[in-house]
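Chemist: Model the full assembly from the supplied sequences, consistent with the hints where possible.
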Amino acid sequence: MFWQEEIETIDSKNLEKLQLERLQKTVRCVYENVPFYRDKFKDKSLKPDDIKTLQDIRKLPFTTRDDLRLNYPYGLLAVPKNGGVVRLHTSSGTTGKPKAIFFSKNDVNQSAELIARCLVMTGVKSDDILQNMMTYGLFTGALVMHYGAEKVGILVIPAGPGNTERQIALMQDFSSTCLHLTPSYALYLSEVMESKGIMPKRDLSLRRAYLGAEPYSEETRKKLEQMLGIDIYNSYGLSEMNGPGVAFECINKDGMHIWEDNFIVEILDQETGEPVTEGQQGELVLTTLCREGMPFLRYRTKDIAKIIPGKCRCGRTHKRISRILGRVDDMFIVRGVNIFPQQIERVLMSIKGVAQNYQIHLEAYDKMLVKVEIEQDFFDGNIEHLLILKSKITEKLKSEILITPKVELLEPSTLPMSEGKTQRVIDRRTL
Amino acid sequence: MSGIREISVFAENKPGKIEKITGVLANEGINILAISIASTNGFGIIKFIVDKMELAYQKLKEKGFTVSLNEVLAIEMKDMPGQIHEIARVLLRNEINMENAYVFIEESRKQAYFIVQVKDIERAKRLLEKENLKLYDEVKEEK
Ligand SMILES: [Zn+2]
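Heads up: the protein sequence lines correspond to chains A and B, in order. Numbering (my numbering) for the first sequence: -6 to 424. Numbering (my numbering) for the second sequence: 38 to 180.
It is worth saying that the hints were derived from the structure and are not from the lab. Glycine is no exception: its CB is placed at the ideal position from the N, C-alpha and C atoms. Each hint should be verified, as a subset may be incorrect.
As the list claims (entries may be wrong) - Mimicking DSS-like on lysine-lysine, the simulated pairs with C-alpha atoms at most 25 Å apart in a straight line are: (1) B:K100 <-> A:K189; (2) A:K385 <-> B:K57; (3) A:K189 <-> B:K98; (4) B:K156 <-> A:K345; (5) B:K57 <-> B:K100.
What the hints assert, rightly or not - Listed next, with one range per pair, are the computed distances between beta-carbon atoms: (6) A:L11 <-> B:G79: 52 to 60 Å; (7) B:L92 <-> A:G222: 42 to 50 Å; (8) A:R62 <-> B:L92: 35 to 43 Å; (9) A:D247 <-> B:D88: 17 to 25 Å; (10) A:I191 <-> B:P52: 33 to 41 Å; (11) B:K167 <-> A:K399: 30 to 38 Å; (12) B:I142 <-> A:K399: 38 to 46 Å.
Modeler: This is the structure in structure tokens:
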């Protein structure tokens, strides 16, 4: 099933032609309307007409998060703020000012079109009911999904996150079939269901869930699919690129199709800014092709991913990116080794007896402590079994990250489990 | 069944855990007959034998403790010196490895038992049948 079959299955020749046209238009637009970009072009002695092929994208300047902060709030608008834009979203950072993202009327519509493609791609039909458990408000996650689902024409329950008992009641009362939520909230939800004796397969009508806004591992997906008895699809988006719907999994669950008629994808070495060899991982860098309000050239997402080579069985021609393998900012260094929390999670979730929640504590400059919750059913009163589990975790982590961490076993549900984003890395090191 | 059950509770090495557990039991009017604490670098297991095993297990579970209820060997002890040594000798001869052990005194206070956690309890019971050791007779359980 397709939402826009023609564009979703476009051949590469036509796609490239379309991308070049749109890129040239975007470049002209920012050069003429955004002083920030005009200055950058001047620095590089670059003119819009210098962009003659898609490869010329490498001549274009990057846009970074700091650029968004420095030009906050209106600096990067390409249209008049009065009459040109109809919606504001912000994305908060850990430091300094938030990032402001404006949508024109067409941007609102276009982001909804992309979501519609995504939902239909996972098999959504008119009898589906979406319970949207992302935060409504300044965050793009919920509203963009909401508009997209309405475009498809299905019922949307704007539940927002939190109040888990009410969420379950909504699922029961209105037979929700699809959920949209963060991975950490999905874990929390499944724990609450388990403790209340609710068996999703028996008691609810759930078919699928869309997980996004936080990186998480394949093992966690499998665990959640089993616990909730549903199909889980990965969704990738970021406020700077209009929120969810940038890339999304089809029913094959083998990478996320990134809508190349709307974005040009580059995977670059995070340090040199040069393209990596096809199939290698690197920083995802995106250029918007259809955005009016705030077009961005070569936006450094700080998300680490790779392109999945080959054609997808679903027939869509748009490239697939891997799940987000890490965030440039989440990466931490212990004894000179670069480590992503996702590496730790992958290892932990592959070990029997380990529950879903964990925390990484960085203490002295070279000491790493991993706190791991054990599974309730794993505990049989035998201290030997716990010691074996502990050394298994230590060994497996060591072979993944080449450092021997200290492992601490905890009771289930002792680590803070949030209904929003969960802090996985606690860095107490002082320089 | 010639065995007895013990309750094990997982405990991080955090102060106050035993106080919390015993508080739950005291609230329910459950009498602790034996207690053993095993701890390693980082975590520990607290084991109990109480007068109302099922109730204690349910209540601890309800309160969110990580609990397990397991059968252990309960070997009758005679009131004379060298008893534990004698039992240990028999176990060794039968290649039964003691994973954890402590002493439990029956509610009537008449009889003491040596509580031993072993890997394969059925095998241990079979082997001990041939020995001059008496095992606890029946799990006396409240309704
Ligand atoms: Zn596909």
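Chemist: Against this structure, judge whether each hint is valid.
Modeler: Hints and how they fare:
1. Using a Cα cut-off of 25 Å, the hinted pair K100 (chain B) and K189 (chain A) holds, with the two alpha carbons roughly 14 Å apart.
2. Under the criterion of a C-alpha separation no larger than 25 Å, the hint pairing K385 (chain A) with K57 (chain B) is inconsistent with the structure, at around 30 Å.
3. As the CA atoms of K189 (chain A) and K98 (chain B) are separated by approximately 13 Å, the hinted pair is consistent with the 25 Å bound.
4. Distance hint between K156 (chain B) and K345 (chain A) is fulfilled; the C-alpha atoms sit about 20 Å from each other, no more than 25 Å.
5. Only pairs whose Cα atoms come within 25 Å are accepted, and K57 (chain B) paired with K100 (chain B) is accepted, the gap being roughly 10 Å.
6. At roughly 59 Å, the beta-carbon separation of L11 (chain A) and G79 (chain B) lies within the given 52 to 60 Å, and the hint holds.
7. Under the hint 42 to 50 Å, the C-beta atoms of L92 (chain B) and G222 (chain A), about 33 Å apart, miss the expected range.
8. Checked against the hint of 35 to 43 Å, the pair R62 (chain A) and L92 (chain B) fails, with Cβ atoms roughly 60 Å apart.
9. Here the CB-CB span from D247 (chain A) to D88 (chain B) is close to 58 Å, at odds with the stated 17 to 25 Å.
10. Checked against the hint of 33 to 41 Å, the pair I191 (chain A) and P52 (chain B) passes, with Cβ atoms roughly 35 Å apart.
11. A C-beta distance of roughly 46 Å is found between K167 (chain B) and K399 (chain A), which places it outside the suggested range of 30 to 38 Å.
12. Take I142 (chain B) and K399 (chain A): their Cβ atoms lie about 40 Å apart, and the range 38 to 46 Å holds.
In terms of the numbered hints stated before, the structure departs from hints 2, 7, 8, 9, 11, listed from lowest to highest.
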